[in-house]
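Two chains, two frames, a set of hints: combine them into the complex.
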Amino acid sequence: MGEPVITVRGLRKTYGSVEAVRGIDLDVAPGQVFAFLGPNGAGKTTTVEILEGYRRRDAGDVRVLGVDPQRPTTAWRARMGVVLQTCRVQPELTVGETMSMYAGYYPQPRPVEEVLALVGLTDLVGRRAGKLSGGQQRRLDVALALMGDPDLLFLDEPTEGFDPSARRDAWSMISGLRDLGKTVFLTTHYMDEAAALADLVTIIADGRIVAQGPPTAIGRSEAITHVVFRLPAGVPVGDLPPAVAAKAAVSAGRVSLAVPDPVPLLHALTEWALARQLTLSDLEVRPASLEDAYLQLTSSEARS
Amino acid sequence: MNGLALVWHQYRYDQKTFWRDPTAVGFTVAFPLIFLFMFATIFGNAESVVGGVRITRTTYYVPSIVTLALIGATFFNLSITLTELRESGVLKRVQATPLPRWVFLAGRVITSILVTLLLTAVVLGIGRIVYGVALPGRTLPGLLLALFVGAATFCSLGFALSGLVPTTQAAPAVVNVIALPLEFISGLFIPKEELPDWMVSVAAIFPINPLFESMLATFTPGTAAPGIAWGDLAVVAAWGVAGAVAAAFTFRWAPRRS
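As given, the protein sequences belong to chains A and B, one line each in that order. Going letter by letter, the first sequence gives residues 1 to 304 in my numbering. Going letter by letter, the second sequence gives residues 305 to 562 in my numbering.
Read the hints as simulated data drawn from the structure, not as lab findings. Backbone N, C-alpha and C fix where the C-beta goes; we use that ideal spot for every residue, glycine too. Keep in mind that a hint or two might mislead.
Residues from chain B that face chain A, not an exhaustive set, calculated with beta carbons under 8 Å [stated by the list, open to error]:
| hint | residue |
| --- | --- |
| 1 | Tyr-317 |
| 2 | Thr-321 |
| 3 | Ser-392 |
| 4 | Arg-397 |
| 5 | Leu-403 |
So here's chain B without its partners, still in its complex pose (with noise of 0.2 Å):
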């Protein structure tokens, strides 16, 4: 078989893995469906101001859900799995296969960028017809292009967190402890005019505001087309080259514990 062959059938059972996992589809794709419910009724009244334009709370969350479940798919997913792949064994047996190490890692890279396109789809679509959140129309580009660059970065993000968590058990907690925070302050959950100035800009630094912001923008009225927020998704592809190049020293094939 060829590489790319070679990626198809690593994939094909790559995404089997994924849907058989409770905690990975409870986690990646049944908490975001959660908390779009849960905003949306709580605060699905109220406005929000974007860029001096009101939009509907609902409006909002659409683009907030899309980030929390991209990362979750990436990010959570990667450096959980790769880790205990690590850990048990998986990644060095498949070592001493001739099955070269990109397919293996390129598998799992793909399901977790399907399965952030799937959700996002499947937001969008809850959005539209429950909610009645316009789809971006003429901003559609930079929704694309935001959620690639958002995928790309997070997948590199979680090969470099899997490669410092030491043991399977200390993943989910390590992840948390750095993505929580941040999904907070970059106003994924309580909307940003309501959190302090302070938290706002603390929270522009790393990737997960700035890719919100380039997603928002792509919901927003005005938006001049194609709605590609380059400065942000500078930021965010940033994280993502330094994230590829920690991932260079730190990720190892080889369990921590030999």
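The following block holds chain A by itself, in its conformation from the complex (with noise of 0.2 Å):
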């Protein structure tokens, strides 16, 4: 590992009377695709904005590719790209026009037949821009980052309102940029795409970090496995066994249950069922997900 791409230490913003940012450290090394999570208010985009050269901080340490964001020169922005969530680009340029344009911005361009090929947009190099889909869009949005060949990614929500192929094709093109050795620094608030995409998972939630680590690490962390099943046709919920009925929750026939020893649970259940020659139809032990992890963190009754 070389120097840190992105380190942060003690970052605190404030808006009036609202403190959005409460002291966060993170660290962003080279190569990584690094997903920070939260729910909307929760300090998210203030941060993403600070380490890019949009927002002033009140107080802490920021580097960026070894700069102070609030200090940015020509230099340090050829380094970086930056995909913003709600951006357009100009509908009258085609394609292949709107990316020349960007890439005369560089000081070392990549050639826009290789970005094109990068981002799956080669056969509408010739097409308005206005003219592209969303998920079109978003995939140009992605080229005119990646035009300066940066050693830094921000994507910002890269794959709000696609449709589930559109998502995949996004998430295999963001796995080809951690390929090709860029840090990545990728805000969402899809649970699956940062399980599927990330290195490393920061959880923010009302202006504090609340978690950090690998995506399967933070789901571990939680300590708690689900069992879910199907109730037997005919039978009350009153009727399972003890420790069961005690902690199950029921919707739509199905019983589910979240503890943190799996074992003396399901071995009174499978008795059970064995007793009253009952089928458990769709059993299903799992450990907790990086979702359930995010939904247990971010949730007001846990930070209170």
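This is how it looks when you write it as structure tokens:
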């Protein structure tokens, strides 16, 4: 690992009387896909915009590619690419023209054809940007951020509004960026996206970091296992063994339980079913997911 | 690339964008030419008296339409497109690139000025060929200086106004509400001798009327060379400076709705 790409220590930002960011630390290593998760209003956008150089901070130390984003230089901007959540391009220019225009902004641009292939827009090079679908437009956004061959790429909600297949395509494109050695700072509120792409996940809630680690580890840290099964036909909930009934949540005939240690519960459940010759259809035992951890960590009760 | 090469790079794409936008071309290019044709047809045979000199109404309308075209290509065009670029996040995106900000703005300003010059040439050409309006000769320096001061002023006012307009949708309405009545009372549509005196006096405070006067003078026989209306142009330039100062405070790169 080389020098960290992003280092944040004690970052704070206040709007009027609202403390949006309350002293956070971040470390992003080169070549990492770093996912930054959090509900709306958690301080996510504020933090990212401080890193990108759009906003000023109130306190703390921030280094992005070795530079304080409050003192941006041209050379620094040339080393990073930014994909904003809501940004359009000029609809009158074609895909190829827009990319050539942006290529001209950078000292060492990548060839347009190469980036077109990378984002899968080669066939649409002559199409007016205003006539692209949402997914194609988003790919053009990423293409423009890649024109300068950046070391660091900020992606803000890159698959917002995508259909499932377009989302898969975008994921493979982002994985491709990792293979190119780019560091990717990904903001998302899709847990599956973070789980599929990120090396490191950081969850922010209420202006503070509430969890940080590889996506699988964050899920496991909750130390909860889910047990789910379908309630056999004609069996009321009250007939379940007491150890199960006490913790069961029933909805639409499905019983779900979340327990720290599933062994005693499964023992009681299967013994009960065997004795009555009942089938437990759709029985499922699975560890807590990133999504469970996220919901747990960002729920208002968890923070109060 | 150095600064000038970057400006040229940016300008090439900006003029493409302009000519491919049917609304921009319609309002900026087609409108003044349609107006010239209509006014020349309706009032063409009448005469106006400017500074004690009789001129044909077509001679009156050539500088009037040049003024109208200049305001369209600069003030209308910039206040609307810059608002749109800001609200759609284009400006914010450009901010994140190494492109110096002034280069991006320069591309837009140069596009506006070159469209102004092109329209001026077309209007003068139609005036000369179709309506027989003599081109300014000895007073050409006056016309060129008026074009330059006028374009600079209305570009800077376009920047200032776009900073004040909150949304893309509001921009065309706001700019029309401001400019259209002033164009009327400045005599661009209805000749000034047919307007009430108080209207003409009000118009004199604002930049459109003095700009028109400075152009009209260069088309009036008897105006001495080089035909520069210093007093009128000073009023126009003062508005330009005020616009630039206001723009420094109002102009934003980030969308207002964020």
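Problem - Hints the structure fails to honour - result: none
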